[in-house]
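Chains as they are written, first to last, in our numbering: chain E, 43 to 754; chain Z, 16 to 166.
Check each hint, because a few of them may be wrong.
[As the list claims (entries may be wrong)] Computed spacing ranges between beta-carbons, pair by pair:
#1 Z:Q117 - E:N480: 49 to 57 Å
#2 Z:A45 - E:A530: 28 to 36 Å
#3 Z:Q117 - E:D670: 53 to 61 Å
[What the hints assert, rightly or not] Subject to a maximum C-alpha distance of 30 Å in a straight line, what follows is the list of computed DSS-like cross-link-like pairs (lysine-lysine):
#4 E:K560 - Z:K86
#5 E:K555 - Z:K20
#6 Z:K20 - Z:K86
#7 Z:K145 - E:K555
#8 E:K734 - E:K694
#9 E:K276 - E:K328
#10 Z:K83 - E:K551
#11 Z:K66 - E:K551
#12 Z:K83 - Z:K20
#13 E:K276 - E:K252
#14 Z:K66 - Z:K20
#15 Z:K86 - Z:K145
#16 Z:K66 - Z:K145
#17 E:K694 - E:K654
#18 E:K348 - E:K252
#19 Z:K86 - Z:K103
#20 E:K551 - Z:K20
#21 Z:K66 - Z:K83
These are computed hints drawn from the structure, not numbers from a lab.
Yeah, the Cβ is synthetic: ideal placement off N, Cα and C, and Gly gets one too.
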Amino acid sequence: MKASVESKITLGFAASVLALVVMGGLSYRTTRTPVATEGWVSHSHDVITTLESGQALLTDVETDQRGYLLTGDKRFLEDCLHAQAQVRGWLGQVRQLTADNPAQQQRLDRLQALISRRLAALNQRIQLRQQRGIQSVSGDVAALRQGEALMADVWQGLARIRDAEDRLLNARQRAAQASARLNLLIILAGSGLACAVGLGAVLAIRRDLKLRRQAEQALRQNEERFRLMVGNIKDYAIFMLDPAGRVISWNDGAQRIKGYTAAEIVGEHFSRFYPDEVVRAGFPQKALAEAEAAGRVEDDGWRVRKDGSRFWANVVITAVRDQDGRLLGFVKVTRDLTERRRMEQMREERDRFFDLSRDLICVAGFDGYFKTLNPAWERTLGFSDEELLARPFLEFIHPDDAAASQAEVGRLASGHETVNFENRFRCRDGAWRWFAWNARAVAAAQLIYAIGRDTTERKRNQEKIVQLNAELQRHARQLEETNRELEAFSYSVSHDLRAPLRHIDGFVKLLEKQAAQKLDNQGRRYLGIIADSAQRMGALIDDLLIFSRMGRTELRRTRVSSGALVHEAIEALQSETNGRRIRWKIGELPEVLADPSMLRQVWVNLIANAVKYTRPRDPAEIEIGCQDSGNGERVFFVRDNGVGFDMDYAHKLFGVFQRLHRSDEFEGTGIGLANVSRILHRHGGRAWAEGKIDCGATFFFSLPEASADIGG
Amino acid sequence: MAPLKRILLAEDSEHDVELTLAALEEHHLANEVVVARDGAEALDYLYARGKFAGHANGLPVVVLLDLKMPKVDGLEVLRRMRQDPSLKHVPVVMITSSREEQDLVHSYELGVNAYVVKPVDFQQFVRSVKEVGFFWAIINEPPPGSMKRGD
């Protein structure tokens, strides 16, 4: 359009100029013609004037000749001769003037001849006068007549030339008038044409310009609409980059998505929208290069907002070029797909969940058919989806469970939830597997959404557990029975067995008192042995009772100061330590959580042992302490420098009635350490010992730390 | 008719009775002891019935009860005494072979006044019984209605 107007302007002007040039040329030509014509007109006037002057000269010649002839005055003669010379000059002048006109020249030739004859005749008469005087000429009338006729011819010749010249002048004057008229016509016509062309061009250009203005206005309106539309788009960031990648426009969507206002971002390089690592990899620049090469580039990836947060974007960069293909910049359209991506990922995850689930997931209709099954079905049952979908699901359910299953579907349909409903499904290989179902129904959709867990193994295990439980209960009952028997036994031991012993001892003592004199030494010794034995058996029974009680009585755990217990124990052993040199070395002893009376028994036993087995040492050394084992246990120890023991028999130390020494070496019942071991077991600890014959022994026991809460 | 005594010893074992009496003899208390050979006899004595019917009114200053006896055991005797307003203030001492905790707990629950375990060792046994007899029969002031010393 633009070009068209420009060409129209050029064309219009060219036409006008051409019209003017043509008109100028024409008018020049027509102007030149009248100028020549005027020249010829004035030439004709010159010729006529000259002709007229010739007439006068010829008259002068005639007159002067006559004068002379009449008077003989010399002056007339001189004048006549002079006039004759002038006539000859005049003739030359006329010849020159009419040189362009051959017809006139011919006429002039004839005239000149006539004039020459006249002049010759004339001069002859003058000669006569001179020679013969006045009479010689005065009477010659013939000659006079002759002269007059000749003169008439001259006048006639002259008149002819003049007439011709007059005609010429007339013609020339007409021609000049015609040329002037033509010239005017040409000028008028040319101007009119030029005006018309110019006007036409102006009108055409005006019309084009108006159209163009309208088009431009429409374009501007369009552009404004477009700008507003782009500017107000909120869901897309639409902005332009210059060829170097700097932002040159910005819309609301860009501000919403990226967080920058136009003022903040215009002029900045667009790489700031990309995460650092992507920028380091040169991605933004590559994208521009690709867009420039291919026209368009699209990618999905992480972008960075002003506040540094990231969003998942779909980005299209389009190169923008002008009509000549020069790169103006790029349009970048960015969509925030974070939410969509999240949804996609969520859907993907759900799908994956559905696919990976070991549990059977299904959607089933109230019509009794499965609608959707997850892959676990095929994996578990062996039937393909097609097989399972083709038949009512009840056909896959164990006949014994079918009624209950149908009832459950009915319950679901009436709005109840299914929780842990169990039934059996048939496998392709004919086996039955148990499933526990949780399900809900959507009545409006007539669909049931269910998840079933394969409980076949659990069922099997449950059966086993039930069996084992029954067995355990039987065992427990047996144990209870045994315990009751043991209790009855220990009760009778404590009561019934001690009585006879007391009687033996008592009556031995009474016997000693009453019959000592009657007995010899041997007899008295026997009585002593009987009494000792009875007492020893009493001690055994007492220890055994304690041991049995340790196993039966309830633990009453409290925080107990080990240090206090140790001191009490040492105090209680005073009768044993009296008169002995014992070097006590007692370390720091922490609080523990234990039954105080039982733990006291432990300390008494261990310390009493140390005291007993160091009897041969002077001084005896007994070290009591605690070491942290580091695994939530306290390890206590009682170390002595006593007689020690053989590690080969260490395992026997804590057994009931197990002894490593004879009674006559070191008294004892063999119950004490068994008690220690039993008490510690009940506390969740244990006891052990290290020793070497004659090199002392160390007895250890461990207890959970006081903070640990142990069920008793 | 049985004589009135200030100490009632309920004990089924005749050896124990003999040894107990031997021990009490050291404080010359043996003569003040009446022996019941089981719980039923002990109650008969306390209620002056059966073989003890007709003895004059008056309660022993202390009852020494063995725990384990035929017919009615020591705990039962104690229980009945404590239920009877006329007997509930009579001091009762358990003298028994049992160290069982449950026996101890039961006895104290029923309101025993003392609990003495008979040691196997005769010397100790003598010492224990002697002291029990000495305390309850001589030192302790019995509740009203008991037979006073030298009555």
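The hints, checked one at a time:
1. Z:Q117 - E:N480: 49 to 57 Å: Given about 52 Å between the Cβ atoms, the range holds.
2. Z:A45 - E:A530: 28 to 36 Å: holds, 35 Å
3. Z:Q117 - E:D670: 53 to 61 Å: With Cβ atoms ~39 Å apart, the hint is violated.
4. E:K560 - Z:K86: violated, 42 Å
5. E:K555 - Z:K20: The hint holds at about 28 Å.
6. Z:K20 - Z:K86: Answer holds: K20 of chain Z to K86 of chain Z is near 23 Å, not above 30 Å.
7. Z:K145 - E:K555: OK: K145 of chain Z and K555 of chain E at ~17 Å, within 30 Å.
8. E:K734 - E:K694: Satisfied, since the Cα-Cα distance of roughly 15 Å is no more than 30 Å.
9. E:K276 - E:K328: Holds: K276 of chain E and K328 of chain E sit about 28 Å apart, inside 30 Å.
10. Z:K83 - E:K551: Cα-Cα ~25 Å, so holds.
11. Z:K66 - E:K551: violated, 34 Å
12. Z:K83 - Z:K20: The given pair, whose Cα atoms are some 23 Å apart, holds under the 30 Å limit.
13. E:K276 - E:K252: violated, 38 Å
14. Z:K66 - Z:K20: holds, 15 Å
15. Z:K86 - Z:K145: holds, 28 Å
16. Z:K66 - Z:K145: holds, 28 Å
17. E:K694 - E:K654: holds, 18 Å
18. E:K348 - E:K252: Answer violated: K348 of chain E to K252 of chain E is near 48 Å, above 30 Å.
19. Z:K86 - Z:K103: holds, 21 Å
20. E:K551 - Z:K20: Roughly 28 Å separates the two Cα atoms, so the pair holds.
21. Z:K66 - Z:K83: holds, 22 Å
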